[in-house]
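> The primary structure of each chain is shown beneath.
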Amino acid sequence: MRKLTLGLAASATLIASSSMSVHAAEILVGVAAELTGLNANVGTQTARGIEVGVEWLNANHDMNGNTIRLMIEDNATDKAQSMTLLNKFALRDNVHVVVGTSSSILALSIAPRAEELQVPMITSAFAPAVVEGRKWVFKASDTPARMFQSIANYTADVLKPETCVRVYARDNEAYVEQSNVWARIVKEKGVEIVDEPSILLSDTDFTAIATRIVDLDPDCLHLAMTPETSANFVIQTKSAGLDPDTLIIGGTTMATGFFLDAAGEAAEGTYSLADYSPGGINELGKTFEAAYEAKFGEKPDNFSAVGFAEALVIGQAIKAAGDNPTRDSIREAMAGLKDVETIIGNGTLSMVDQMAQYQMNVLTVEDGQLVRAPGQ
Amino acid sequence: MLAQQLFNGLVLGAVYALFALGFNLVFGVHKIMNLAHGAIFMVGAFVGLYSVTLGLPLWAAFLIAMVFTGLLSVMIDFVAFRPLRKTGDAEFAMLIASIGVEMILVNLALRASDARTLRFPFGIVPVEPFFLFGMRITPLQFVIAAVAVLCVTLLAFYLYRTSFGRQVRAVSSNERAAMLLGVEPRMIYLQTFFISGLLAGLAGVLIGLAFNSINFSMGEPYLLRGFVVLILGGLGSLRGAVVAGLALGIIQTLSVAYFPTGLTDIIVYSLLFAVLLVRPNGLFGDAVSDARVARR
Amino acid sequence: MINFFYAYQPLIDFFLLNAGFALSQYIVLRAGVFSIATVGIVSIGAYSAAIVMKSLGLSIWIAAPFSALVGLAVGLLLSVPLARLRGPYQAIATLAFVQIVAAVALYAEPLTGGALGMNDIPKQVSTLGLVFALAFVLYILGSLSRSRIGAIFDALRQDEAVAGSLGISISFHHALAFALSGAIAGLFGALQAGYIYSIEPHQYGFVMLTMTLAAVILGGRRSIWGPVVGAAIMTFLPEIARPLAENRLLLNGLLLVVVIIFLPRGVVDGLIALVRRRRTSAVTWPAESSKEVRT
Amino acid sequence: MSLTVSGVSRSFGGVEAAQDVSLQVDPGRIVGLIGPNGAGKTTLVNLITGVLRIDRGTVSVDGEDVTAKTIVGVARAGVSRTFQNVRLLTDSTVLENVTLGLAQQEHSSFLDCMLGLPAAQRDRRAVRDKAMQILADVGMVEYAHRIASGLAYGHQRRVEIARAIAVKPKYILLDEPVAGMNDVEAGEMIQLFKSFAERGIGILLIEHNMRFVNALCEQIYVLNTGRIIADGTPAEISQSPDVIAAYLGT
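First to last, the protein sequences are chains A, B, C and D.
The first sequence runs 1 to 376 under the working numbering.
The second sequence runs 1 to 296 under the working numbering.
The third sequence runs 1 to 295 under the working numbering.
The fourth sequence runs 1 to 250 under the working numbering.
Keep in mind the hints are simulated off the structure, nothing from the lab.
There's no promise every hint is true.
Claimed, not checked - Simulated restraints on C-beta separations:
id, chain 1, residue 1, chain 2, residue 2, range
1, D, Val15, C, Phe172, 30 to 40 Å
2, C, Leu128, A, Arg372, 54 to 64 Å
3, B, Leu56, C, Leu237, 35 to 45 Å
4, C, Phe172, D, Asn85, 25 to 35 Å
Unchecked claim - Straight-line alpha carbon distances no greater than 16 Å define the calculated EDC-like cross-link-like pairs of lysine to aspartate or glutamate that follow:
id, chain 1, residue 1, chain 2, residue 2
5, A, Lys238, A, Glu265
6, A, Lys299, B, Asp114
7, D, Lys194, D, Glu218
8, D, Lys194, D, Asp137
9, A, Lys238, B, Glu128
10, A, Lys189, A, Glu162
11, A, Lys135, C, Asp120
12, A, Lys295, B, Asp114
13, C, Lys123, A, Glu116
For every residue, glycine included, the Cβ atom is placed at its ideal position computed from N, Cα and C.
Modelling step: build the complete structure from the supplied sequences, incorporating the hints.
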């Protein structure tokens, strides 16, 4: 158990609270993160974002003097271990808040247990089913329908392609849903989807599909897969002879540093959707990037930004929960968060039906840099 | 488009054949279901990548990767399989030892790459495609096909024209008899595992280059396809591995090109089932174990 | 202390489930059938139980036996094409079956929920239920082991031709092993579905296949306690190694290699062999008749 | 009522392993089958017992045609066998090897076995006692609980014979049963095989040890390069010019 006692301030407060002022307490937060296994990439980035977030919260003392003790444990992208961790956090470590997994499948299997044990759980998983019919579970991101509305409208209203091909990773629920939502909205606005092949995330050779797409020569190509696979797909399709001015549109995964590094110039002119615009859209975003780079020696990406935002939501909930926060008061406070500051979207976030709602922005790549796309 | 897809299928087939060649030597010759072979292939890609990032030219990276995985494969045999060989009925035990080794290698790669997918730097290989009979061929596709053909001929020459090759085939058909005739099994195992590792490393770097993605779990899909190729072609048969590899490549590509992509796996694996019903020992396989039920 | 138990209760439940999967894999290996189809049948059992429990709203008391029957039927069906295959060919053919099941579960979205799988399956399985199911299966396998069926399975594993030459039908007993394995896999697939709230295709893939196989071979392939011990090792090991966090896989791998080298026949069978070698008992059958023959 | 092999032939890609072989074993009679090494004796046994496919000719057991039956079918028709190189279940005990032969005679149902009902347990005890009795017949009782592979070669042979007889066969094919046994042990086997014959079991004895064959068999077939070259009483065989030529070479 990588016990992460964060900075001298935390332990000092611990000693202080036990003897002196009653109300400054230590809030325990347990994180079940995918540090190994198939989702290790996303899990590690998210966990690092949370770590930096909690460090910032503790350093800024604005949670009525309370501090957060963070416990990050590896669930190896495995359902059994995730459930065991949740149980251990809730019953043995008596945590105040559990941070669930970034994979929807794991989140869906531990959410019912969190509800049963009445411990607040926040997750960056995308599936709305995680919160439906439950009171104790929160999502750090909006519903896919609301999230992907902006890029779908942008495609239909601004880019105005006639024919499109959409390619999605059929073995990952997040990408299947992203692709379906985008397709539904653009179809309603008159764009014709001429083909919808799917791949497996473990595939690396896309020549066959690339040839099939080049043969169709669509006006636009929509991708819903991991950053590296998207880059790989774009490169292989272009080398299979894709018409250079075909619009290439993606989701949150193509608004990441990974995608830019992996795709190189093939990323030029592609459109994507960002929780987080690199460089940060506000002061807090810039401090996050500086703190992250100082701690891990590399620029943060979309997933770490969401992790940081998750930590902020927890911090703000603790602050709003007043003195001596309990699981119940934190839950109530979190449910009522309205227009609080964050680093994702356009800087403000509200909790609507236990889902964090924020304005997503469409980005494009201009000479290797992610910038806000014109005409939003 | 059919011609282009057939060519793509051939190249993918060459990739599968290349991977299966090394696998065939261990799984085919010694009947060891070596689940670590996918991990050795992945380590080859990583070693190739790290040599390039250290500034070495590409051909040096290939050599280093091949020698590294060759020695790694020999070490795995020495540490994990040889102690088990002495205990007689060790077919299952070796399978589990290979699972253990695979877990170790995957974990090391995960830690080294921080679970990230890496790629060769841009421009290390010319990307501009050239046209032949109206088909678009990228240099890498050509290199893969050429390397596959080269490896098959070299391996065939080694197996069927050299004395070492004869000894390997003798061990493959009946190890005890071969030993009685003075074949030194330790030498044979050393060789087959080295060559198998070498080919896996070569395939690793080549595939890492061609599809520009190297990560800790890239071995598994190729391991599964490698099993299908070997069983389809028939254990221990070099010809089988090549024919089945190419056939699998073409069938998979055509099914992706012309059928809903969700059916690819179903088509490929059902095909394997169908072939095994007709030929219980694969297309060219020698009777690994006679089916007792019917008269032979 | 109670809290300690509750905190680790899921671990015990998952151990019981894994022991069930391991027993399903064990029974075919013991009969000399090198099949790794268990994971595919578990998936079918889990999905059919999930459909029965969630869509039809029936209780686990109906879903579990139903899935066991479905598993039995799938096992029997599988034994027909696999009857003529042996060794690695049989193993890879069943591996193909597992991959087909996963691909179908991914593709048949309306029925199985595709990549997202089936969620919010009403949880109706408790630790007690799992203990009872495991005890029931262990009793059955124990009685079978002590009966002629166990002796025949051991004979088939060692030398089919000898069993055949004594008039024992090879294909019948192989089909029996497949059916038993399928029934156990189906039953525990249903129990898993009824416990884990949500199921999806990836869960029943290559990783579960290797872990279940490792549990049986690590634990032991002959005694019925082998798979149970093996399942315990494979379930509790990641938890015990938790301090290593991301490096746990390394320890798992190392341990697999080391244990299998020192106990190639598995922990339980290895220990039994040690004990048996020490206690070589000579038997005296009713003395008077044996004297008579030896002239 | 006999084990009849008529006109059986089988070739392996040009090599005529068996050419138009005919022989007959009646219940309670011991018939010898001799011939130089490589004459095709074991191949003939494999043809009769269902291991190898028969190209031409038929094999029948008490009138029932078993030409196309598998090893299981032939065994169930009442033909049992031992193997040229002993094949015992190496991981099982001597007792377990013999009880395997008796498995077919248990009548408890699969359900009894599965639920561990008394019927199954009674069967097991009865089978164990019968096996002990058979082991006593071959003088192997005190090795009952030993692992089969740990026994001396001669003892392993006896266990294999005990297992073959446990099936209560009508006919039994003994493939070099006393190979590797010294004269004393071989002598004991004569007694045993005669007791089998007295019980009405027909025996086809494939053996090199001529003293052993002459002591037991009333009729002997001589096989060479897949063909029966002579058949008659031991006396007639020993003078037949063809036999001498076959053994000593022209």
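> Take the hints in turn and mark each one as holding or not.
Results of checking the hints against the structure:
1. Val15/D <-> Phe172/C: 30 to 40 Å: holds, 35 Å
2. Leu128/C <-> Arg372/A: 54 to 64 Å: Roughly 58 Å apart at Cβ, these two residues keep to the hinted range, so it holds.
3. Leu56/B <-> Leu237/C: 35 to 45 Å: Between Leu56/B and Leu237/C, where Cβ atoms are some 40 Å apart, the hint holds.
4. Phe172/C <-> Asn85/D: 25 to 35 Å: holds, 28 Å
5. Lys238/A <-> Glu265/A: Measuring from Cα to Cα gives roughly 11 Å; hence the hint holds.
6. Lys299/A <-> Asp114/B: holds, 14 Å
7. Lys194/D <-> Glu218/D: holds, 12 Å
8. Lys194/D <-> Asp137/D: holds, 12 Å
9. Lys238/A <-> Glu128/B: Status holds; Cα separation ~11 Å.
10. Lys189/A <-> Glu162/A: Answer holds: Lys189/A to Glu162/A is near 10 Å, not above 16 Å.
11. Lys135/A <-> Asp120/C: Holds, because 15 Å separates the two Cα atoms, which is no more than 16 Å.
12. Lys295/A <-> Asp114/B: Measuring from Cα to Cα gives roughly 15 Å; hence the hint holds.
13. Lys123/C <-> Glu116/A: holds, 11 Å
Checked against the numbered hints above, the structure violates none of them.
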